[in-house]
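Position chain B relative to chain A; hints supplied.
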Amino acid sequence: MLKILVGALLFVCCGYVGCGVSAYYRRRSSLLSELTGYIDALEKGIAFLQTPLFDITSSYVADKKSDAAKMLSAYAGLLEKGEFSKADCLKAANSRLLTGYEKNLVAEMLYSLGRSDLDTQLSELSKYRANLSPITESAKENYKKYGALSFKLGILAGLAAMLLVA
Amino acid sequence: MLRDLLPERIFNILTADKNEDKLTEIRMRVNKPLTAAEYGVYSTVFDRDGHACKTDKQDIDHVLAVATKHSVYSVNSQLAGGYLSCDDGIRIGVSGEGVYKNGRLFTLKNVNSLCIRIPRQIFGCASALNPIADDFDNTVIISPPGMGKTTILREFVRILSNKGKNVVVIDERNELSASVNGVPSFDLGKNTDVLLVSDKKSGYEGAVRALRPDVIATDEIFGKDEIDCLADISRSGVKIVATVHAKDALSLLKDKTYRALAPFVRYYVQLEGIGKVSTIVDKERIKSC
Chain A
77 MLKILVGALL FVCCGYVGCG VSAYYRRRSS LLSELTGYID ALEKGIAFLQ TPLFDITSSY
137 VADKKSDAAK MLSAYAGLLE KGEFSKADCL KAANSRLLTG YEKNLVAEML YSLGRSDLDT
197 QLSELSKYRA NLSPITESAK ENYKKYGALS FKLGILAGLA AMLLVA
Chain B
2 MLRDLLPERI FNILTADKNE DKLTEIRMRV NKPLTAAEYG VYSTVFDRDG HACKTDKQDI
62 DHVLAVATKH SVYSVNSQLA GGYLSCDDGI RIGVSGEGVY KNGRLFTLKN VNSLCIRIPR
122 QIFGCASALN PIADDFDNTV IISPPGMGKT TILREFVRIL SNKGKNVVVI DERNELSASV
182 NGVPSFDLGK NTDVLLVSDK KSGYEGAVRA LRPDVIATDE IFGKDEIDCL ADISRSGVKI
242 VATVHAKDAL SLLKDKTYRA LAPFVRYYVQ LEGIGKVSTI VDKERIKSC
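Sequence lines, in order, name chains A and B.
The opening residue of the first sequence carries number 77 in the numbering used here; numbering runs sequentially from there.
The opening residue of the second sequence carries number 2 in the numbering used here; numbering runs sequentially from there.
Some hints here could point you the wrong way.
Quick list of in silico lysine to aspartate or glutamate cross-link-like pairs, EDC-like style, CA-CA up to 16 Å [unchecked claim]:
id : chain 1 : residue 1 : chain 2 : residue 2
1  : B       : 70        : A       : 159
2  : B       : 70        : A       : 156
3  : B       : 240       : B       : 135
4  : B       : 240       : B       : 220
5  : B       : 23        : B       : 39
6  : B       : 225       : B       : 194
7  : B       : 102       : A       : 156
8  : B       : 70        : A       : 131
9  : B       : 284       : B       : 136
10 : B       : 110       : B       : 98
11 : B       : 240       : B       : 256
12 : A       : 157       : B       : 98
13 : A       : 162       : B       : 62
14 : A       : 120       : A       : 200
15 : B       : 70        : A       : 178
16 : B       : 166       : B       : 136
17 : B       : 110       : A       : 193
18 : A       : 157       : B       : 5
19 : A       : 162       : A       : 139
20 : A       : 157       : B       : 9
21 : B       : 166       : B       : 194
22 : B       : 102       : A       : 195
23 : B       : 58        : A       : 159
24 : A       : 203       : A       : 184
Don't read these hints as lab results, they were simulated from the structure.
Remember, it's a predicted structure, so these values are computed and weren't measured experimentally.
So that you can see chain A by itself, here it is in the shape it has in the complex (with noise of 0.2 Å):
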């Protein structure tokens, strides 16, 4: 009884390890994404009407509940206050999904965000853009190779654990 409760126990172990390597290539593929899908929303935002970037910030994330969301709130904050610094970015920036490099990236980018005329900000936008597009495309690459598999691998252990206790 105590091995088929220990082979379980193995199971479910496995399993949630499996599950957590999963979502963690899963998170990342969709923050890098939706940091790409936030470039585009400021660039139309920028060029057309030269929205103010709280408001683009803001409208962006609106009923978003994902690390990005988080991490463009927590940026839509330091907006609405007076001037902030670049650790302040940093600060906004910090996610576990992220890369120290991806990090300073992402908080050099917000920091440069609105100090500028209209088309050297589009131009900085456009080289922020083309740094993070192919940290986003391997993101997904590794998401679709190993997201999947590492669920597997963690059933498949499990079972293997059990197996071997029974």
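Frame of chain A; chain B shown alone:
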């Protein structure tokens, strides 16, 4: 708005020393004492310990960040014109170092001082202009800066509008209407349309062609080009009411640029003291005399 615009420290000191409801101007200069005007009367702002409240570069950067909504791209043309328009009609005069592109002033950097002007709506302040409103014709309101021309014009627009005239306000700096998201905060009357445009010439054209106004109102006319536009509007049958910086009608019409107003402007309203109408010159009456 002032609470959001100013750094918390400055706002607290300012409102402890001055009556917020009476403030009409605030001047912030890097490393200099803060000064504020209550209904046009300037004085230094002191903290509770009696020390003059000094403003630094950080304070000015804070105000700029809030005033531009962290979106310089959306207000760069204003910055190049030396001002920023905020919600609630607050206008900030900006001085700093000019940045030039293709030989033209492109923007300002290293901003070192700000002049924050807070508009007030004073109902009844233009009652002296009621006789003009009944027999309305092209009018200019004349005074040196800071004497309440805009406040008088705003109230006069409300009077004209409520008398049934379709008034289009060309609000270059959002001072007349104090619009928030395009909706005027001040009462400009029931028949008033507000065009918030930084290019007045396009505004005049659009208004005459599309909005069928009886009257076009604008603040601070400046230079020959604008006077030519106003002459065109007058020729098209639309009446004008505008403000202009000058000591009085005589000095205005002595100026070779502003002399061009004479053929089509009938009433010259001169102010004396803050927001007080001292003289109304009616060109038709002078002629008949």
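Hint by hint, here is what the structure shows:
1. Proposed proximity of residue 70 of chain B and residue 159 of chain A is supported: the alpha carbons are some 10 Å apart, at most 16 Å.
2. Using a Cα cut-off of 16 Å, the hinted pair residue 70 of chain B and residue 156 of chain A holds, with the two alpha carbons roughly 8 Å apart.
3. Of the pairs offered as hints, the one joining residue 240 of chain B and residue 135 of chain B holds, with about 13 Å between alpha carbons and a cut-off of 16 Å not exceeded.
4. Pair hint residue 240 of chain B plus residue 220 of chain B holds up; C-alpha atoms about 15 Å apart against a cutoff of 16 Å.
5. Note on residue 23 of chain B and residue 39 of chain B: the hinted pairing holds, with a Cα-Cα distance of about 5 Å set against a maximum of 16 Å.
6. Taking the CA atoms of residue 225 of chain B and residue 194 of chain B, the gap is near 26 Å; set against the 16 Å cutoff, the hint is violated.
7. Taking the CA atoms of residue 102 of chain B and residue 156 of chain A, the gap is about 31 Å. The hint is violated against a cut of 16 Å.
8. Taken as a hint, the residue 70 of chain B and residue 131 of chain A pair is honoured in the structure, with Cα atoms around 10 Å apart against an allowance of 16 Å.
9. Simply put, residue 284 of chain B and residue 136 of chain B have alpha-carbon atoms about 13 Å apart, close enough for the 16 Å limit, and the pair holds.
10. This hinted pair checks out: residue 110 of chain B and residue 98 of chain B have alpha carbons roughly 5 Å apart, not beyond 16 Å.
11. Note on residue 240 of chain B and residue 256 of chain B: the hinted pairing is violated, with a Cα-Cα distance of about 23 Å set against a maximum of 16 Å.
12. As the CA atoms of residue 157 of chain A and residue 98 of chain B are separated by approximately 25 Å, the hinted pair breaks the 16 Å bound.
13. Taking the CA atoms of residue 162 of chain A and residue 62 of chain B, the gap is about 15 Å. The hint holds against a cut of 16 Å.
14. Distance check on the hinted pair: residue 120 of chain A and residue 200 of chain A sit about 14 Å apart at the alpha-carbon level, within 16 Å; holds.
15. Proposed proximity of residue 70 of chain B and residue 178 of chain A is contradicted: the alpha carbons are some 26 Å apart, above 16 Å.
16. For a cut-off of 16 Å, the pair hint linking residue 166 of chain B to residue 136 of chain B stands: about 12 Å separates their Cα positions.
17. At most 16 Å may separate the alpha-carbon atoms for a hinted pair to count; residue 110 of chain B and residue 193 of chain A meet this at roughly 12 Å.
18. With a C-alpha separation of about 8 Å, the suggested pairing of residue 157 of chain A with residue 5 of chain B holds against the 16 Å cut-off.
19. Proposed proximity of residue 162 of chain A and residue 139 of chain A is contradicted: the alpha carbons are some 27 Å apart, above 16 Å.
20. For the hint pairing residue 157 of chain A with residue 9 of chain B, the CA-to-CA distance comes to about 11 Å; that is within 16 Å, so the pair holds.
21. Distance restraint check for residue 166 of chain B and residue 194 of chain B: the Cα-Cα separation of roughly 11 Å lies within the 16 Å cut-off, and the hinted pair is therefore satisfied.
22. Simply put, residue 102 of chain B and residue 195 of chain A have alpha-carbon atoms about 13 Å apart, close enough for the 16 Å limit, and the pair holds.
23. Taken as a hint, the residue 58 of chain B and residue 159 of chain A pair is honoured in the structure, with Cα atoms around 11 Å apart against an allowance of 16 Å.
24. For the hint linking residue 203 of chain A to residue 184 of chain A, the alpha-carbon distance of about 12 Å falls within 16 Å, and the restraint holds.
Hint check: violations occur at hints 6, 7, 11, 12, 15, 19; the rest are consistent with the structure.
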